[in-house]
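Okay, here's what each chain looks like letter by letter:
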Amino acid sequence: MTEAHVIVGLEVHCQLDTKSKLFCGCSTDYRNDGPNTHVCEVCLGLPGSMPVLNKRAIEFAMRVAKALSCEVLYESEFSRKNYFYPDLDKAYQITQYDKPLAEKGILEIDGDDGEKKVRITRIHVEEDPGRLVHMGNAERGRYSLVDYNRAGIPLIEIVTEPDMRSPKEARKFLNKLRATLEYLGVFDSEKEGSLRVDANISIKGSERVEIKNITSYKGVEKALTFEVTRQRNLLRRGQVVERETRHYLEARGVTQSARSKEMEHDYRYFPEPDLRPLQVRSWVDSIVLPELPDARRERFMVQYGCSVNHARTLTGELRLANFFEKVVEPDPAGLPALAATWIADILIGELNYRSMSLDLLEPATFTELIRLLKNGIITDKSGVEVLRVMLDQRLKSETTETPEVIVTRLRLAKTTGDDAALRTAIREAIAENQKALEDYRNGKAGALNFIVGQVMKKTRGRSDPAELNRLLQEELSKGA
Amino acid sequence: MTGTLSFEPDDRFNAFLTTCRKVSHGSGRLAGIPVAVKDNISTQGIETTCASKILKGYIPPYDAHVVRLLKEAGAAIVGKTNMDEFGMGTTTENSAFGPTLNPLDTSRVPGGSSGGSAAAIAAGMVPMALGTDTGGSIRCPAAFCGIVGLKPSYGRVSRYGLIAYANSLEQIGPMAKTVTDVSTLYSVIAGHDPRDSTSYDRSYNHIPSVEIKGLKIGIPQEYFGKGVDPAVGNVVQKAIGTLEQLGATTIPCTIPSMEYALAAYYVICTSEASSNLARFDGVRYGPAADVKKSWHDAYRDVRRAGFGEEVRRRIMLGTFALSSGYYGKYYAKAQVARENVRADFSRIFSKVDVIAGPTMPTTAFRLKEKSDPLSMYLSDILTVPANLAGIPSISVPCGKVAGMPVGLQIMGRHFDDERVIDVAYAYEQAVRA
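Line by line, the protein sequences give chains A and B.
Reminder that position 276 of the first sequence reads as 276 in this note's numbering, one-by-one numbering, no gaps.
Reminder that position 235 of the second sequence reads as 235 in this note's numbering, one-by-one numbering, no gaps.
Since the hints were derived computationally from the structure, they do not count as laboratory data.
Cβ atoms here follow ideal geometry from the backbone N, Cα and C, with glycine treated the same way.
There's no promise every hint is true.
Claimed, not checked - In silico contact screen, one side only, chain B against chain A (beta carbon under 8 Å); selected entries:
no.	residue
1	Y62
2	E72
3	L162
4	G191
5	P287
6	K329
7	Y331
Said to hold, decoys possible - Counterexamples of contact, computed for chain A against chain B with all Cβ distances above 10 Å:
no.	residue
8	V52
9	I203
10	R312
11	T341
12	N433
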């Protein structure tokens with residue numbers, strides 16, 4: 001079977017990055033504060049309290065609707081989704097049901113077989129429930145505490161048609177969606193818990209399985225990959241895939257069948273009587289969209305001469321794109337080529353390795369590093385070393401040294417021909433590798449590279465390989 | 001004008017659930033006037049139970065909008081009045097804290113669900129009180145206790161802080177001995193509140209007028225038909241005759257949608273109630289859930305022990321009506337019936353200024369007289385149409401049958417509260433001895 005037989009649709013919930021909650025004035029900036037400190041009678045669902053819609057949240061959702069070319073309904077409405085759970089203060093969630101904010105949109109992604117349009121089924125706005133914190137253990141007695149700080153945070157739910165054909169394509173869709181939402185200024189992907197995804201996956205001809213509550217970008221691809229394997233194995237063994245809901249267990253990277261009883265809710269939706277219907281279609285015209293990822297990618301190619309791949313990577317995340325432009329700002333003609341390579345091919349990897357936010361690194365400092373490289377002060381290898389020191393210092397909130405200071409302190413400046421230490425290293429390397437020398441003299445040009453490598457080792461990568469090659473030949477010709 | 005008021009009423013009728021013995025008050029239109037507040041309206045620092053065990057001990061951390069307005073006008077909030085649990089009833093017998101008795105005849109009910117407020121006024125304990133009206137809960141006890149009660153147009157009084165029973169139907173409204181006092185209290189509580197998205201910017205600054213010459217009054221035949229005590233009908237007909245003597249003309253009309261109004265009302269109010277009352281789970285307030293049990297079992301036990309029989313019945317009815325597979329049969333159909341009621345009123349109001357009839361089909365029942373729920377529900381038939389349509393409606397005393405008071409109900413166009421108050425005032429002044 002080929003990947004083409006996999007069918008994936010997503011339901012993506014993102015927290016809208018508003019200042020206050022969806023139905024009250026409580027601050028959404030709760031992550032560094034104690035439990036139940038950002039609450040009032042409304043988001044606690046105290047008897048008698050009533051919701052007042054946050055206009056800004058609707059405006060944010062409308063930006064998304066416009067960016068995804070959706071049709072905004074003339075009249076949409078909020079409904080109550082009724083179910084009991086301790087994190088749900090009112091025992092219903094105010095959401096949108098049969099009259100969502102917008103429908104029928106498109107998001108273009110770089111799919112498995114080139115450009116692909118993923119159809120958006122609908123976009124709606126709803127409130128986040130609170131959060132349960134499970135305490136205790138088998139000996140001490142298990143119990144749960146509820147934190148309502150998150151209750152009432154505005155969420156946008158974006159539902160796609162089953163248009164993706166592989167876990168990788170689903171991941172690409174998510175990345176593109178994330179970038180789009182961030183460019184629109186309505187979403188911050190770095191806030192913990194700001195994204196939750198439900199994924200529907202089936203293998204053509206078989207039943208569909210829903211995977212609930214995946215909380216990371218990587219998780220979506222992993223969960224789907226696991227599911228593809230599981231479903232294919234079932235089919236290979238002549239068994240059938242059951243239509244069911246499964247949970248993704250992030251720590252183990254597997255999906256697990258949800259107890260069916262738990263999921264058999266009858267939500268008893270009905271229109272929320274405390275809110276009036278929403279008529280906001282006329283807002284569409286007044287929304288001015290910012291430059292979106294596709295446009296910025298094109299501009300990076302034209303303006304900075306970036307390769308397609310570099311441009312795509314750099315514009316794939318708002319922080320990255322902004323960082324790149326700030327880095328090259330002091331010299332928009334001279335810096336982009338090197339900066340693009342260093343950010344896209346090296347910096348991202350180093351950040352991921354440390355699970356570190358780009359926000360911790362100042363663009364001006366990175367510009368300085370790029371200049372050291374560009375002016376031949378340090379080698380690429382030393383550049384990586386300087387970068388690692390810079391990142392580690394920032395991650396540990398240590399005193400941060402400038403690249404130049406690091407170069408001086410670690411003596412990483414590129415070696416030059418009149419460098420006595422280098423001359424010594426070359427002579428030592430020749431002396432210690434007589435076999436290679438012999439090979440070289442016998443016409444094996446490659447053997448020289450081996451000696452170059454040995455010198456590099458001795459100088460801890462501070463030498464430019466081409467320059468070293470020249471110096472080595474010079475040294476050998478002397479001895480000849 | 002600010003001061004302290006002591007309030008120690010001789011409450012032989014169980015009208016109050018909570019009384020405040022010493023109350024300080026500010027200055028303003030209601031300076032120093034003792035005002036009672038129905039126990040489903042949130043009062044900061046004063047226990048608010050909706051006459052339910054499930055809210056026993058709940059002390060709201062905030063004031064309802066109307067309570068804030070009362071305080072700003074200088075009123076002294078002297079206590080919280082008894083009611084049918086969560087407003088579900090027509091007699092105030094469905095209170096977890098015992099029934100309220102009718103001060104005019106203690107073997108009879110005061111009506112409900114705002115029976116405590118009506119009894120407190122009828123007994124002279126307070127000159128005015130706030131009630132709430134979801135399907136007649138202000139007008140019924142006003143009629144049974146011989147006082148005046150107004151259900152305002154939907155949207156004219158903020159519901160913020162009113163513990164919801166059926167959001168799309170209910171309004172907080174004024175109750176008092178006289179139309180003038182009802183009007184004064186109304187002027188304090190009406191107006192826009194940004195915290196209630198269904199409230200409108202329609203303040204009330206009206207001085208009641210007796211001038212009703214040329215007024216056209218619609219007389220719906222359904223209000224004098226089957227199920228309505230002929231003796232009550234006669235008293236009301238006589239009252240309408242008085243209005244004619246004052247220069248009004250009467251026009252017979254019909255409200256065919258009334259056939260389904262009661263059914264629609266009970267589907268809508270129980271549906272909304274099933275959702276509104278789901279939050280009472282013992283997690284955040286009220287008697288605490290047993291944390292040793294699973295949350296699901298703890299919820300079930302708290303709710304079973306905390307809610308009275310009528311409340312449980314309505315929660316189950318509403319849960320059923322909203323269930324998948326039944327929504328279309330019940331909830332959606334009830335909305336259609338509701339639209340038909342609105343359409344009927346709008347058709348009639350294109351020809352008349354107000355509609356008049358009895359408030360209740362009978363006078364006050366004896367305690368425990370209405371033992372089966374259905375006959376109790378049927379007694380709401382004349383009051384629920386105004387709630388379904390969202391229109392203003394007032395009940396003003398218009399005589400007695402066998403010693404018990406009868407209420408004349410005047411309904412008007414949406415937001416035409418001033419007019420129904422004028423008609424009630426004209427009648428009240430004309431019959432004043």
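Restraint satisfaction for L162 of chain B [CB to CB of chain A, less than 8 Å]: Hint on L162 of chain B: holds, closest Cβ of chain A at ~6 Å, below 8 Å.
Nearest-CB test (10 Å) between chain B and V52 of chain A: violated, 6 Å
Y331 of chain B as an interface hint toward chain A, with CB separation required under 8 Å: Status holds, d = 6 Å.
Consistency of the no-contact label for R312 of chain A, given chain B and a CB cut of 10 Å: holds, 44 Å
Chain A contact restraint for P287 of chain B - C-beta distance below 8 Å: The hint is violated - P287 of chain B has no Cβ within 8 Å of chain A, the shortest such distance being about 14 Å.
Evaluation of the interface hint that places E72 of chain B against chain A, nearest CB under 8 Å: violated, 18 Å
Minimum beta-carbon distance criterion (8 Å), G191 of chain B to chain A: With Cβ-Cβ at 16 Å, over 8 Å, it is violated.
Verdict on I203 of chain A as a residue remote from chain B, using beta-carbon distances over 10 Å: holds, 29 Å
Nearest-CB test (10 Å) between chain B and T341 of chain A: holds, 54 Å
Hint check, K329 of chain B versus chain A [nearest Cβ-Cβ separation less than 8 Å]: With a minimum Cβ separation of about 14 Å from chain A (threshold 8 Å), the hint on K329 of chain B is violated.
Closest CB of chain B to the CB of N433 of chain A still more than 10 Å away: Fine: 73 Å to the nearest Cβ keeps N433 of chain A off the interface.
Interface hint for Y62 of chain B, Cβ within 8 Å of any Cβ on chain A: holds, 5 Å
The structure is inconsistent with the numbered hints 2, 4, 5, 6, 8, although it conforms to all the rest.
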